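Engineer: This is what each chain is made of:
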Amino acid sequence: MIILFLLPAGILILLVFGVPLIRYSWLSMHAASVVTGLDNIPNGGANWIRLLNDMRFWKDAWQTVRFASFSVSLEVFLAILIALLLHQKWKGRGILRSISLLPWALPTTVMALGWRWIFNTPYGPIEKIINFMGLNPLNILSNPKLTWLSTVLGDVWKTTPFLALILLAGLQTIPDDLYEAFRLEGGKPFQAFLKISLPLLKPYLFLGVIFRLAQAFGVFDLIQVMTGGGPAGSTESLALYAYLNAMRFLDFGYSATIMLASFILLVCACALSWVLIYQSKNIYRVYNS
Amino acid sequence: MSLTLENIGRRINKNWIIKGLNLHVAKGECLALLGPSGCGKSSTLRLIAGLDKPDEGTIKINHKDVTNISPVNRRIGMVFQSYALYPHLNVADNLSLGLRIRGVPVSEQKKRVNNALGLMQIESLFKRFPSELSGGQRQRVALARAILRDPKVYLLDEPMSNLDAQLREELRPELRNLILKGGQPVVYVTHDQHEAMAMANRIAVLKNGRLEQIGTPENLYAKPSSIFVASFIGRPQMNIFPDKSGLIKAIRPEDLKFSNNGLKCNLVHKEWLGSSQLLLLDSQNGLLRLLCGSEESIPEEIYINWSSEKEHYFDSNTGKRIDKSRQ
Amino acid sequence: MKHKIIWVLLLVIWSLSPLSWQLYTSFCTQEAITHPLTNPGPHWTLNNYRQVLTASPPLWDYLFNSLLLGLTTTLLTLVFAIPASYALSKLKPLLARTTKIILISAALFPYVLLFLALLEFARNFNLGNNLFALSIPYSALSMPLAILLITSAFKDLPKDLEEAARIEGLGIWQRLRWVLIPLIAPATASTSILIFLFSWNEYPIALTWISKPELLTLPVAIARIAGSSIYSVPYGAYAAATVLGSIPLLIMVLIFQKQIISGLTKGAVKG
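Here the protein sequences come in this chain order: B, Y and L. Taking the working numbering, the leading residue of the first sequence gets 13, the next gets one more, and so forth. Taking the working numbering, the leading residue of the second sequence gets 698, the next gets one more, and so forth. Taking the working numbering, the leading residue of the third sequence gets 23, the next gets one more, and so forth.
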């Protein structure tokens, strides 16, 4: 009888998470585009074969992986620092937490526009500083070598607070006794961080990294508003490519194929990070024996 | 008014946590369920309350089968170990919530709440929230809530375990008077043998979900039916050691006496307890506990003796009592 | 950490400087924006704000749309999530664990990838351009996290409380109404704020479901300002829009800092 309580929410979740995946699997085996008059015509694995030969897909996949791995690792580094800082006991902690939380709370699109203005050439503050120092303009948003880094910065700025809070929660579960016992044995603060904090933070780190990887893999808002995927497609992500296929090229079959492929890549990335965080020691041991 | 459990059994998966339990609590009687944690005493209480259903057997209140009746219709007054006061409601609302749900008119609610508060002498607390009460006050509110229900049976689950020792001693006579006044049967769960002896007319000792022994405190003390009961009832613990005859022999520490001859012992440790002192003695029978008056002088060379009437014998295999008369 | 104040300052600068630049720009005249150093004309102006607030439709409309959508989504999610969480907290361990793993996976899923199928829903059931309809996918997307958070709140309640209520004759709905739901209020509050923030900030689905200008949510509207010709000079105007769009969130973060953090971290600790 109590199962009835679960039913409405369960159906809703299944409808929104489960049905699309089934629908995509079905769509990816069909031609469904303007060419077919938006009818769904089975085309065997044509979409998948096209995907394998689609250089733009693989370029976007690489760019997405690059974006996700760079921003997540930068975030982890910064988040650890911020978490340690926020963990300190002092008066203004509450205000500092609010301030550092703010970037996370703002809508991505709002700040994406903000970044566009900040990285603007020649009026944005960055270029002004460059100009002031007498250097040549960087043209950040029109230089394919730099633009993707600016999107990484935008993502890091927005999502580091989230990771920092997760790690802060982890830090707060570690009893002070452990540090005191370690200090009595002559441990230095940095050693305490390496030997006590970091190992005990692992589950939180794992959770945070997985969550962030998944989100970074689906990066869309930031890119679409900040660069539109440009210049020269150098910042286009898989989600954006899938979006363009559906909304601009009206090729739904192929769009669904890209989204399924992204999902598969994401699962692989999560498995990989699990190995890196939890299994590195075992692998090292096996490798050395 | 009475409460009867007939051949009650309850299992979790394949594990019987209570099996073949028969109990009868008469009008105005307080029965203590005593045992170590995990013995099934709290589970038994939950079955009586109707919070869980037994897998076999019947529960009767006033000779009426209530096994399949919901908790509310059994009219149970229960005091939980944690008191289970609703933290978001003040004392008066804590008491009246059940009445309100049952559609009792507001004036009647007020009357009964005031009545119960008055009985527990906590009228002045009615606006306070549970977090603003001391442990003793919380217990009174919990009791008031149970009394207010005008229950047919009282169930008390370790009601004193969250109080400090001094408060416990103060509350015991009061609690006894209050709950026994109405004549309802009372089931009192505790793991503290001292409390069980102080509160109950009869004690049921449980072990692994089975009834080990039931009887008056005097009866359990004088004639423990097994080694388990012997070691559980009475503090300091009974001396239990194998006898030459192949049986297990047990003697209470207070029954050991100094003498000029007898068992030779060495003093290992001494605890001075104010009105008495406890000696830990090393003998050929192993370590023995001896309890004597604090005035008593301890001889340099210790020999101890005891009256054979004070000896208890148990079967070394089953752990069951063997009466000397039958020997 | 030595020189803590330096680190604190760095953190504050890092967190606030991009926003401060928007604030600065939003008050600048066109001349000040384009010629910052030579600056021939007047430097400060409220024109940018006037522009976004008097445009058609004015920015207020978008704020109102987002607010309405956020409240509807939050309410809808709670109505579904609370009974589900109660049930989940009562399930047998194995079943509860499996359900939890499914919910965690769903909560981690980059929902952007769902937009195409959701768009098909909108088309097939004619749900486009309707804020109330949009709150359905929104609440479904927030549901996994909401259920996880509220379930752990139910599980943290002492079992005795509900049993005491059962003995007093409270039925399942009465127990929820009088005892359990009031007691999980703090968790409900922090969950609500997280749902509201999600709904307030969501972009891709709003982008594909809503096309009528007067129904746009704030993120979509602001993203549109960039490409629109209503504002002859975009940067000053969208700096103003950014600032106005950020103020409600600034207030929320300041007021609900504790609840937001507890919501975020409970999800991590219990998940």
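Any given hint might turn out to be false.
[What the hints assert, rightly or not] Dumping the calculated DSSO-like pairs for lysine-lysine here, alpha-carbon to alpha-carbon at most 27 angstroms: (1) Lys26(L) <-> Lys103(B); (2) Lys904(Y) <-> Lys288(L); (3) Lys904(Y) <-> Lys716(Y); (4) Lys207(B) <-> Lys26(L); (5) Lys288(L) <-> Lys214(B); (6) Lys849(Y) <-> Lys181(L); (7) Lys181(L) <-> Lys103(B); (8) Lys181(L) <-> Lys757(Y); (9) Lys214(B) <-> Lys280(L).
[To be verified] Just a few of them, taken from the derived set where beta-carbon distance is under 10 angstroms, the chain Y residues facing chain L: (10) Thr764; (11) Pro768; (12) Ile773; (13) Gln778; (14) Lys849; (15) Asp854; (16) Ser858; (17) Leu860; (18) Leu868; (19) Arg869.
[To be verified] Across the chosen pairs, the derived CB separations fall in these ranges: (20) Gln184(B) <-> His65(L): 21 to 31 angstroms; (21) Val965(Y) <-> Ile14(B): 50 to 60 angstroms; (22) Asp1020(Y) <-> Ile15(B): 49 to 59 angstroms; (23) Glu871(Y) <-> Lys112(L): 53 to 63 angstroms; (24) Asp189(B) <-> Ile28(L): 39 to 49 angstroms.
Calculated directly from the structure, the hints in this document are not laboratory data. Small disclaimer: the values here were computed from a predicted structure and weren't measured. Glycine included, each C-beta is placed from N, C-alpha and C at the ideal position.
Engineer: Hints first: check each against the structure and report whether it holds.
Structural biologist: Status of each hint after checking the structure:
1. Lys26(L) <-> Lys103(B): holds, 13 angstroms
2. Lys904(Y) <-> Lys288(L): violated, 40 angstroms
3. Lys904(Y) <-> Lys716(Y): holds, 11 angstroms
4. Lys207(B) <-> Lys26(L): holds, 23 angstroms
5. Lys288(L) <-> Lys214(B): holds, 16 angstroms
6. Lys849(Y) <-> Lys181(L): holds, 24 angstroms
7. Lys181(L) <-> Lys103(B): The given pair, whose Cα atoms are some 37 angstroms apart, is violated under the 27 angstroms limit.
8. Lys181(L) <-> Lys757(Y): Status holds; Cα separation ~26 angstroms.
9. Lys214(B) <-> Lys280(L): Holds, at about 24 angstroms.
10. Thr764: violated, 16 angstroms
11. Pro768: With a minimum Cβ separation of about 5 angstroms from chain L (threshold 10 angstroms), the hint on Pro768(Y) holds.
12. Ile773: holds, 5 angstroms
13. Gln778: holds, 7 angstroms
14. Lys849: violated, 12 angstroms
15. Asp854: Where the cut-off is 10 angstroms and the nearest Cβ of chain L is about 9 angstroms from Asp854(Y), the hint holds.
16. Ser858: Because about 13 angstroms separates Ser858(Y) from the closest Cβ in chain L, which is outside the 10 angstroms limit, the hint is violated.
17. Leu860: At 16 angstroms from the nearest chain L Cβ, Leu860(Y) fails the 10 angstroms test, so the hint is violated.
18. Leu868: violated, 20 angstroms
19. Arg869: violated, 22 angstroms
20. Gln184(B) <-> His65(L): 21 to 31 angstroms: violated, 47 angstroms
21. Val965(Y) <-> Ile14(B): 50 to 60 angstroms: Check passed, 59 angstroms falls within 50 to 60 angstroms.
22. Asp1020(Y) <-> Ile15(B): 49 to 59 angstroms: holds, 57 angstroms
23. Glu871(Y) <-> Lys112(L): 53 to 63 angstroms: Taking Cβ atoms as reference, Glu871(Y) and Lys112(L) lie about 38 angstroms apart, which means the hint is violated.
24. Asp189(B) <-> Ile28(L): 39 to 49 angstroms: Check failed, 30 angstroms falls outside 39 to 49 angstroms.
Checked against the numbered hints given earlier, the structure breaks hints 2, 7, 10, 14, 16, 17, 18, 19, 20, 23 and 24 and satisfies all the rest.
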